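Line order of the protein sequences matches chains W and B. With the working numbering, the residue at position 77 of the first sequence is 103, and numbering never jumps. With the working numbering, the residue at position 46 of the second sequence is 124, and numbering never jumps.
Keep in mind that the hints were calculated from the coordinates and are not lab data. Model, not experiment: these values are computed from the prediction. Just so it is clear, CB atoms sit at the ideal spot from N, CA and C, and this is done for glycine as well. Be aware that a few hints might be false.
[To be verified] Taking lysine to aspartate or glutamate and the EDC-like style, the derived pairs with C-alpha atoms no more than 16 Å apart in a straight line are: (1) B/K118 x W/D55; (2) B/K97 x B/E136; (3) B/K87 x W/E36.
[Claimed, not checked] One side of the interface only, derived from the structure: several residues of chain W facing chain B at Cβ under 7 Å: (4) K29; (5) Y59; (6) K64; (7) P66; (8) G69; (9) L71; (10) V111; (11) S113; (12) I129; (13) F132.
The lines below spell out each chain.
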Amino acid sequence: AQKVTQAQTEISVVEKEDVTLDCVYETRDTTYYLFWYKQPPSGELVFLIRRNSFDEQNEISGRYSWNFQKSTSSFNFTITASQVVDSAVYFCALSEEPGGSYIPTFGRGTSLIVHP
Amino acid sequence: DTAVSQTPKYLVTQMGNDKSIKCEQNLGHDTMYWYKQDSKKFLKIMFSYNNKELIINETVPNRFSPKSPDKAHLNLHINSLELGDSAVYFCASSPRDFPSSYNSPLHFGNGTRLTVT
Chain W
27 AQKVTQAQTE ISVVEKEDVT LDCVYETRDT TYYLFWYKQP PSGELVFLIR
77 RNSFDEQNEI SGRYSWNFQK STSSFNFTIT ASQVVDSAVY FCALSEEPGG
127 SYIPTFGRGT SLIVHP
Chain B
79 DTAVSQTPKY LVTQMGNDKS IKCEQNLGHD TMYWYKQDSK KFLKIMFSYN
129 NKELIINETV PNRFSPKSPD KAHLNLHINS LELGDSAVYF CASSPRDFPS
179 SYNSPLHFGN GTRLTVT
């Protein structure tokens, strides 16, 4: 069975600090996909990134970067120079194929609070 | 041009009532889902449905049932509502090549906040 662990329930930082949100996953499949979603206070779920298991290249998008390490089964998310607008709940998710379930399993989320 | 739309946005009802939440997607996707988000923000899959297969999370009470009149709609019917059903319910959809295609994430609706009193 697939499993996603986000050990950090809540993180509080001051604006302009860098912050890393951890995500550790468990799967028996060799082909799988990892996602990050953002849920701002308004409540909608916003897609941020998708990564497949055979692409370990890290990715940077503006102030956001993702570090995928298969050796430690982790897909961590770093926000550089955080801003108040980054305050949200962030979810990591996992889909498996072909042997497992394509239905995404979500971690419990990390609530990020950025203070001005 | 909303991609995945849910109605209503808010639903307040009394215990024992039967209610429905509607979901429509205009993305041409093949698979639709219902997730439940509890008060602690945990997102849990309830159903996944395409024109071939309904996958039900075994922990979902049979008071909950998905109804799909066509590929673009997946409504959620709830019978005999209980206090514990209070949550935010999210509809989502994905294309046929999910999750293998790079440009095919799961698309979510904006959620329906159900409050049972």
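Are any of the numbered hints broken by this structure? If so, which, sorted upward? 1, 2, 3, 4, 6, 7, 10, 11
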